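Here the structure of chain Y is known, so what remains is to put chain P in place on it, guided by the hints.
There are 2 protein chains.
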Amino acid sequence: MNIAILTFEGFNELDSFIAAGILNRMKGQGWNVQITCPTAQVTSMNGVTVTAQQPLEFANTADVVLFGSGIYTRDIAKDTSILGRLQLDPSRQLLAAQCSGTLLLATLGYLNGLPACTDLTTKPWVMDAGIEVLNQPFNAQRNIATAGGCMASQYLATWVIAKLAGNGEAEAAIHYVAPVGEKEQTVTHTMSVVTPYI
Amino acid sequence: MNIAILTFEGFNELDSFIAAGILNRMKGQGWNVQITCPTAQVTSMNGVTVTAQQPLEFANTADVVLFGSGIYTRDIAKDTSILGRLQLDPSRQLLAAQCSGTLLLATLGYLNGLPACTDLTTKPWVMDAGIEVLNQPFNAQRNIATAGGCMASQYLATWVIAKLAGNGEAEAAIHYVAPVGEKEQTVTHTMSVVTPYI
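Heads up: the protein sequence lines correspond to chains Y and P, in order. In terms of my numbering, the first sequence opens at residue 1 and continues consecutively. In terms of my numbering, the second sequence opens at residue 1 and continues consecutively.
Derived from the structure by calculation, the hints contain no laboratory data. Incorrect hints may appear among the rest.
[As the list claims (entries may be wrong)] Reference listing, derived: stretches of chain Y covered by chain P, where coverage requires no fewer than 3 residues with Cβ under 8 Å from a Cβ of chain P: (1) 10-23; (2) 63-71; (3) 89-97; (4) 114-125; (5) 135-143; (6) 148-155; (7) 161-172.
A quick note: this is a predicted structure, and the numbers were derived from the prediction, not measured. Where is the CB? At the ideal position from N, CA and C, for every residue including glycine.
One chain only, chain Y, in its complex shape:
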């Protein structure tokens, strides 16, 4: 299973790395989770420089494409030299977006008619793109999912694992990363958010 975590200049560390960390719990089952960037390196909104594991084109053949978030997403949404490199297809791929990543899903036309989740800052821009924004952390329909609020990226990762490997694997991944002493309640809550959409 190839999974592209799209990570752009100015990225939010929480949005890319919470999802990546949880999805990598499936590494032992052969999942290949890759930080996927338009350039050889990208620097986060807080000045952390990360080396791309894959170029942007990796997304085009990946099984899952997760759009991360960041402070320059409105610029990226207008940059055809970046988005033009993406040729995605929700009939054969899971597409997931976190916070301002939802604006990119909207711009690319994949949210046509679907309500979506995003963060409070991005909300007006997503609405300007003609998308209804929900006051909830997670939403999904068929192969497209969106989440709002940095820590909601755990729901995106859970949805991906549950869709592709079943609820048991999703529960095991969340159990591992959950706080000690709060593991059962975290698994129960996370699954309650995600399972209505699987």
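Chain P only, in chain Y's frame:
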């Protein structure tokens, strides 16, 4: 406020970046949160290479030193060429450890007599170091805090902000990163875990 997030070869992305992301919510108030490494670059347990923002010695004069976690912590705990570069002092610094980072705090002698939190994998090694391990996500006494389970790093970050800037700033940081539609309950729960130790 200078904050060193100690990040070693084989690091766990969740443990370094959840804390860094939340603590960086205080950037506007002048906080300087830095990924601090023994080498110019470190590669995570999942193959993500990050460029150090600061060398390890930055920790020695920082106001807060947060020990991240990773897959090579047992080797690092024996490596005097790494740990010998640290000269910390809990009388003038907050020292916080996440998951296997607790083993480094123990090795350096800062947990003398204090029970601690860590992840389930690291638990036996911390016990071998003579430290009582608690079945809870977070513990702190005076200037030393420990957390267990990747997602518990939000409690470490909350504790640091509450200790140094007050509960109001800590609540605001968690409110920002919490999932949409779950913000109030996330703030209430997080503060309920942390405030008994402030």
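How the hints compare with the structure:
no.	hint	in the structure
1	10-23	holds (count 8)
2	63-71	violated (count 0)
3	89-97	violated (count 0)
4	114-125	holds (count 4)
5	135-143	holds (count 4)
6	148-155	holds (count 7)
7	161-172	violated (count 0)
Comparing the model with each earlier hint shows violations of hints 2, 3 and 7; every other hint is respected.
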